[in-house]
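**Q** Here's the letter readout for the chains.
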Amino acid sequence: MNPHDMPSAEQLVEAVREWLERDVMTSTSGRLQFHARVAVNVLAMVERELQVGPTQAAVHRDRLEQLGCADERDLARRIRDGELDDRLPEVRELVWATAKDKLTVANPKYLD
Amino acid sequence: MDELSSALAEVVGAREVAELARLSGGASRETFRFLADGRPLILQRQRGGDIRDMGVEADVVRAAFAAGVPVPELVASSNQPSAVGSAFMVLTAVEGETIARKILRDDEFRTARELLPAQFGRALAQLHTIDPATVPGLAPQDQVRMYRQLLDTSGEPHPTFELAFRWLEEHQPPPCPPTLVHGDFRLGNVMVGADGLRAVLDWELAHIGDPMEDLGWLCVKAWRFGSPKPVAGVGEYAQLIEAYEEASGLTVDPEVVRWWEVLGTLKWGIMCIGQANAHVSGVARSHELAAIGRRVCENEHDLFLALEGRW
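As you go down the protein sequences, you meet chains A and B in turn. If you use the working numbering, the first sequence corresponds to residues 1 to 112, in order. If you use the working numbering, the second sequence corresponds to residues 1 to 311, in order.
Because the hints were derived from the structure by calculation, they are not lab data.
Below are the DSS-like pairs computed for lysine-lysine, each with C-alpha atoms no more than 27 Å apart in a straight line:
1) A:Lys109 x B:Lys229
2) B:Lys229 x B:Lys102
3) A:Lys102 x B:Lys229
4) A:Lys100 x B:Lys229
5) B:Lys102 x A:Lys109
This one's a predicted model, so the numbers in the text were calculated from it and none came from an experiment.
Make the full structure from the sequences, and use the hints.
**A** Structure below.
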């Protein structure tokens, strides 16, 4: 439980993103406008992470557990050392699913 | 700028240097354009502390020009600190466009887009004929090892990249004669006009390796800039390979090109980590660099797509 008043973190980020889109993007050009667009994209990404982050974290924990790995670093090391060679199709399936989860936050259009 | 103008007049032997203007200033080098007695020239100068040797790059450009590759002509260069810079090259200015999104979308490049795939194939075949022995200082690179070390240095764990490294190591292409490769041949690093390819630029990553590296890198998804066409966003694999085979007399194994494309995708992913690290470590604070860190998963997804059915 977090003790903060409304707006939520997600709503605050959304407010700044909307201001960038409504006021900054329309009154700038060239490099500054490009960097404002980058900022809009970054904030939209943070909004998506705030929305789906907790669910994704739980799913990721389950996947690591299924492979008997403590965390991402442990998984990377075990792939490298060949410790998971007898179940590589399963490893690939789970790692690809994680990549898709990351894209859902970072750049959902990339999955189209 | 006045001081730079007179230093430039001296190195190119011109009576008058006019309209000196800075085009871009990266972390490691700056680019200027100027007129020397009315002739448009480009100055590229290295900032202090750059590990790359611009003298080697100048030799590569000279050798490429001699081999008939479309490149700017080298007018002057030096590796000695001078009033022009710590190390520099002066090249003829080639008119055209380098911005990938314009080349891929603007109407004025409609014809160019049709010509580019075969022009790329021919230019690569030509540049691969350069005798590497004519450019002292060029080093062979074991790219798999190099990027494995970069990933390890970054400190970031990436299970997808570990899977890809395993695949790359198990499917190494057969060794080939040492060849001079450009190392960064793609839209953004070529000058394009309405008539297509005008000049191959940015030779600072040239090294000795497998010529198929350049073909594979040109097909990496990031260098399609959102276009569905695999070769630089402008063509099909067969167009590039046919033109390359015809010009070089060699036979290209598309699976070897694919191996280099997979390594290229992995390389770009590792470079994305590096760019985000430049922000996080404080070397260059920038939300643009920070955001690139979240593009790593695009490369992970591309690796799975490319390797599906090939594992």
